[in-house]
Amino acid sequence: MEFFKQFAVPHPSFLIYGAMVSIGLAMLAIVVGITYFKKWGYLWREWITTVDHKRIGIMYLLTALLMLFRGGVDAIMMRYQLSMPENTFLDSQHYNEVFTTHGIVMILFMAMPFITFFFNYLIPLQIGARDVAFPRLNALSFWLFFMGMGLFNLSFIIGGSPDAGWTSYFPLANNEFSPTVGTNYYMIAIQIAGIGTLISGINFITTILKMRAPGMSLMKMPMFTWSAFIANVIVVFAFPVLTVLLAMGTMDRLFGTNFFTTDNGGMDMLWANLFWVWGHPEVYILILPAFGLYSEIISTFARRNLYGYKSMVASMVVISVFSFIVWTHHFFTMGQGALTNSIFSITTMAIAIPTGVKIFNWLFTLWKGKIVFTTPMLYSVLFIPLFTLGGVTGVMLAMSAADYQYHNTMFLVAHFHNVIIPGVVYAMIAGLTFYWPKMFGFMLNERIGKWTAWIMSIGFLLSFMPMYITGLDGQARRMSTYSEAAGFSMLNMVSFVGAGIMAISFVLLVYNIYYSIRYASRDIGSDPWDARSLEWATHTPVPEYNFAVIPEVASTQAFWDTKKNGHELFKGKIEKIHMPNNSGWPFIMACFFFVFGFAMVFSIWPVVIVTLIGILVCMAYRSFEKDHGRYISVKEIEETEAKLRGAKK
Amino acid sequence: MKVDNSLPLEYSTEENSLKILGFWIFLGAEIMLFATLFAVYFTLENRIGNGPSGAEIFEITPVLFETFLLLTSSFVIGLGIHAMRLGNKKATMVFFSITLLLGAGFLGFEIYEFVHYIHIGATLQTSAFTAALLTTLGTHGLHVILGLFWGLFILIQIKKRGLTPETANKSFIFSLYWHFLDIVWIFIFSFIYLKGMM
Ligand code: HEM
Ligand SMILES: [Cu+2]
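Going line by line, the protein sequences match chains A and B. Residue numbers for the first sequence, in the UniProt record's numbering: 1 to 649. Residue numbers for the second sequence, in the UniProt record's numbering: 1 to 198.
Treat the hints as calculated values from the structure; they're not laboratory data. Model, not experiment: these values are computed from the prediction. Careful: at least some of the hints might be erroneous.
Stated by the list, open to error - Below are the BS3-like pairs computed for lysine-lysine, each with C-alpha atoms no more than 30 Å apart in a straight line: (1) B:89 / A:310; (2) A:573 / A:635; (3) B:195 / A:626; (4) A:643 / A:563; (5) B:160 / A:626; (6) A:220 / A:563.
What the hints assert, rightly or not - Pulled a few chain B residues facing chain A out of the computed Cβ check, cut under 8 Å: (7) 48; (8) 124; (9) 157.
To be verified - Rough simulated footprint, nothing fancy, chain A against chain B, three-plus residues with beta-carbon under 8 Å: (10) 23-32; (11) 83-97; (12) 126-135.
Note that CB positions come from ideal geometry on N, CA and C, so glycine has one too.
Make a model of the complete structure from these sequences and hints.
In structure tokens, the structure reads:
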């Protein structure tokens, strides 16, 4: 009996049962649907075993969108709970679980896969390559990430969600104060997803260093590829810290070690430090690719070269170095003394300088440009002032003496949403809109798109500006309620309304996809935005080999030069193309990881051992496997090319 | 597959040189991993709670044996790669086998050491210091175990398939890994054992 008890949700409520039933029904519907339409074979052949970077990218995208909605529901629940004083919609334990999962889902399972989608889809196309360096490892990365995501979401219905905040500070996260298995899920699910991210970091760095088209020196790479390169370097340096950290957290919880305990020498602050040694670079991993996307979009629609290419690159390099030496700013109040605080205050404020350089470069790109206000451009132009606001409040928070007032208040919550939403989320949606026609062969509706951008921005301002004020007035974060006398009621209600408006904008985004699938023209050619870099030089839809002939490049905007200045892109003639074979082992191995993770969460040791052996056997199998890929013949390529050219007219 | 004969076998195809670069980057990540473990160890080194300190539990003899075995194995695998470059399959295999045997010897002593620690009451749960110590050593040890299996698989493949661009590439990458473990051990030896005993 004891054994089975741990699987139950610790304090069930109507909401959780409702979610269980709806998740169950949705799963059933999917399985029945696939069986009914006889799509299992298709799914296995074309998606689960695929090693094509474009398809893997699209799977990342789908996961990200799914998680955006999961995290969004959490957000609305929190805002509703706080919209009135003494509200009883969520009790405090449930509120703890909701803000914890909201944070993790949004950062690790929404924003991360979203940018990884762009890495996957765009890097090979932008550098004129046929795939990433290690296509099969790429599939493994995705499936590990996916299984980590699945495991994490399972916590909600089996055993209970983590409840110690997305930062999971010890001693709050130890067995005494977080007695359910929730925090085990945290440690293990993130570990599995994190290993996937680390592997893809290695993959993308190798790809960018080694597989660029002839003529594309590092300083001729498109700006998004630069940002992706730097972000992935940060991944490779920061994620091992997370790996060690989570392993130690797991041992503290499962094996009774004393890393972060408060007796036998344990040191709880070690967790906080290491968490942010990873955590702060992590936020730059998110924002740098967003900057890269804005650079692409702004230069495309200002119809100008990006202003200050070199300083853009230099500022990103500086940011990436600084991102590793600011972590203490997350706990100025936790007792390291004036000297340490002052040093970290200064390094933190210094990051504003390279960021400012970038802002000015975008403004100078717009200056005298022939601006075309498309939807992606609208997001980018909204991003500049809104993000700057978030940056300014960031500098306020960076002043360690003043931080004693703001720390752990809603002011902080307002700050990071102010940078993450206009910074990362807008970039994701702008990029999605921008690259949608490349992926699917039709454009998203511009009218609905612009409405979405405006509604989202109004919702954003209404939702988060009031938090700055209540935060300064002392409303603490992560508190499930407050009293009438505190005087926060009015502003929190405004914030709830704002959150509702944001929710409407996301619904509109989905509606736009539906609407465009039905009504948008399919006759748009392969370069509907009149864009500048290589990804637009190939057909739409992109053939599996990307480029029939590898392009030759002479500037940062090779495709633009081809269109306007007579640069010849495709000089060679068609030769047979070597492609990797599909493979099922990444998926199978990731399934072992999933079961392994589940068994770890509940300490079912026999299963842990069996699945560990399974993982090792997969690796051994891979070592002995002989697979030299396959060739696409010249004839086949010519046929595909003729067909695609015909479709394009 | 295009084979470029002006380069050593392990670099001779494009895929091969991609793999070698990729592995170097992986080693970069591994450096961060061990750097974090060392940082943790140095932070917790003196936080021994009610347990023993390093000076009380470290014993020089097994550690010297371990060091000697691992350093030698790293030298021998260098010979193995040299033989591989000369195209001598048999010598390559012999040197690889010796490497693995030395590695297994290292592991034997390490297991003895762990059993000893547990015997004298320095277990994973005893204190923050013992947890950090055993985790750091254990992570290195796990790498060695994994390396033994990996090396064995490569050995079997060389035996079956000969020295092809593929097996040469795998052997070379494996040798990088093995040297890396050796370097980590030198840090462990100097900054955990020697420093702890002084
Ligand atoms: C509709 C939009 C959103 C709303 C209304 C919203 C609202 C909130 C609220 C109320 C909290 C908890 C405050 C507290 O500590 O009590 C929170 C925390 C958080 N949110 Fe959001 N959020 C939104 C979107 C996002 C997005 C897009 C991301 C990330 C990409 C994100 C990341 C986070 C993080 C990391 C935390 C901190 C969690 C913690 O402290 O444990 N949010 N959000
Ligand atoms: Cu930070």
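Right, here's what the structure says about each hint:
1. About 50 Å separates the Cα atoms of residue 89 (chain B) and residue 310 (chain A), which puts this hinted pair outside 30 Å; it is violated.
2. Taking the CA atoms of residue 573 (chain A) and residue 635 (chain A), the gap is near 12 Å; set against the 30 Å cutoff, the hint holds.
3. This hinted pair does not check out: residue 195 (chain B) and residue 626 (chain A) have alpha carbons roughly 47 Å apart, beyond 30 Å.
4. Using a Cα cut-off of 30 Å, the hinted pair residue 643 (chain A) and residue 563 (chain A) holds, with the two alpha carbons roughly 22 Å apart.
5. Pair hint residue 160 (chain B) plus residue 626 (chain A) holds up; C-alpha atoms about 12 Å apart against a cutoff of 30 Å.
6. Taken as a hint, the residue 220 (chain A) and residue 563 (chain A) pair is honoured in the structure, with Cα atoms around 18 Å apart against an allowance of 30 Å.
7. For residue 48 (chain B), the interface hint holds, since its Cβ comes within 8 Å of a Cβ in chain A; the closest pair sits about 6 Å apart.
8. Because the smallest distance between the Cβ of residue 124 (chain B) and any Cβ of chain A comes to about 5 Å, under 8 Å, the interface hint for this residue holds.
9. With a cut of 8 Å, the hint placing residue 157 (chain B) at the interface with chain A holds, because the nearest CB-to-CB distance is about 7 Å.
10. Judged by the Cβ-Cβ criterion of 8 Å, the segment 23-32 of chain B is covered by chain A as claimed, because 6 of its residues qualify and three suffice.
11. For the segment 83-97 of chain B, the assignment as covered by chain A is violated, since 0 residues bring a beta-carbon within under 8 Å of that chain's beta-carbons and 3 are needed.
12. Figure legend: the segment 126-135 of chain B, annotated as covered by chain A; annotation consistent (7 residues with Cβ-Cβ distances under 8 Å, at least 3 required).
When the structure is compared with the earlier hints, violations turn up for hints 1, 3 and 11 and for no others.
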